[in-house]
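J.: Those sequence lines, one after another, are chains A and B.
So the first sequence is numbered by my numbering: it starts at 59 and just counts up by one.
So the second sequence is numbered by my numbering: it starts at 59 and just counts up by one.
It should be emphasised that the hints constitute simulated quantities derived from the structure, not laboratory data.
None of the hints are false.
Copies of the same chain are indistinguishable here, so a pair counts whether it falls within one copy or spans any two.
DMTMM-like mimics (lysine to aspartate or glutamate), calculated; alpha carbons at most 20 Å apart, straight line:
#, residue 1, residue 2
1, 301, 174
2, 106, 174
3, 137, 72
4, 106, 130
Number of protein chains: 2
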Amino acid sequence: MERKFSNEELEAMDPEDFRSIARRGEWTGFDLNVCRGYAQANLAIVPKDYAFEFLLFCQRNPSPCPVIDVTDPGDPHPKLMAPDADLRTDLPRYRIYQNGELIDELTDVTKYWRDDLVAFLIGCSASFDWSLRAANVQFRLIGAYASNIQCVPAGRFHGPMVISCRVVKNGHDAVRAVQISSRLLKVHGPPVHIGDPAIVGIKDLYHPEFPASSYVAPHREPSEIPIFWGCGVTPQKVALESKLPFMITHSPSHMFVTDRLGEELAFI
Amino acid sequence: MERKFSNEELEAMDPEDFRSIARRGEWTGFDLNVCRGYAQANLAIVPKDYAFEFLLFCQRNPSPCPVIDVTDPGDPHPKLMAPDADLRTDLPRYRIYQNGELIDELTDVTKYWRDDLVAFLIGCSASFDWSLRAANVQFRLIGAYASNIQCVPAGRFHGPMVISCRVVKNGHDAVRAVQISSRLLKVHGPPVHIGDPAIVGIKDLYHPEFPASSYVAPHREPSEIPIFWGCGVTPQKVALESKLPFMITHSPSHMFVTDRLGEELAFI
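This is chain A alone, in the form it adopts within the complex (with noise of 0.2 Å):
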């Protein structure tokens, strides 16, 4: 069922053609650059019952967890930000979490699917590149970690914050971003930290835990600066650390696409 899309062609789609070739399988591959402009977002399903205290740990760890949408009980169909989608269906693949482990992966979650799960919507920070690349910020997205940052927990959540990292040219790139990313807040928002990434536990810059891509070349010029930003894969560390009967999330780098554009959901 795969297809074969250019870069070209992904870029341009809008978010409704390229939900539709990720429901009918025809798409099941990373999809950070595609539909130019509009907001993508991380997704995680929980249980009603642990729906309160997962809202709260979004309430709590904004950064990593900016939510712009949650459904009613059952509800596959987010009502503000993309009322004809299914999120059983729409996203490019997806991780089914038990008890705390990776127990699948798989590109439809239909029969998982249950009437007491609630789906929350976070913002990706996928979103503001698009906003920094209008700005001129010249920059490579790196990949994602888990950091050495612990969210705020709330009820049963508790685990480590995923950051991600981009490294830009040089210092006044890095201002740019830190002003562009502020004021996109529902997508993360301003960075976690600027510079050194053993302060913030990461080893090894250029292996990340979450790559967005298959390879990226280390900077060379002591102008690069690394930027590190709260990502919305931090739900799945969390579902993991805290042993979560049940949760069904986007694979990371495989996000769900609205039909809001990122500047949509920009404060100012």
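Using the hints provided, position chain B relative to the given structure of chain A.
T.: Structure of chain B alone, referenced to chain A:
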């Protein structure tokens, strides 16, 4: 028990001292202008069974309901905003709602406290008044009103948005007020409306449903502009409208004073 304090004394108090005079019943009046620079909070306490839907209501209505702290069930101490405070005693005045009716107004809610209650602190725009003053923005706080703007519902919670009004001196100050409040998302953020009060359903601007003082003179200069922000009295209107079985709130204009400066809660 009531004592006299000058405006200067109240303004110079630190939060702990102000909470202690409220706790001892020595101050039961308005506290809009106490503890210069410190963030104040609206209070909404609901049974745990309603906590998820209420948090979701706040998440969907961040302008009137920016959540800054949520207590664990039965715990009256707001760990993030003022860990040594007691939310049952440290506000000047409270209201009790039962089945959508106001049944009591009092200065200590210990006798109503239960082990299943979850307290929400919601940022208050009285906090950004200090930031407006610091920038020499000329304004007068008039009060708050139920508007014709409907909140986004969540579960059993629905109702109109309550909004506060400040009249600023001129267009320049209006621009500055937008900029400054936009930085302070956790105390309501940017305005929801500028200009004609009738458009947001306000018939008599100078007789607000929730006055900020006993009398405010109408504005006379054509250069003066009314600006409207989401208001943390919204949960009280919503409790009435949604016929909530039980809710404890602050009395309007009798907020909780946190240990955090308003500017600490600024995003940029």
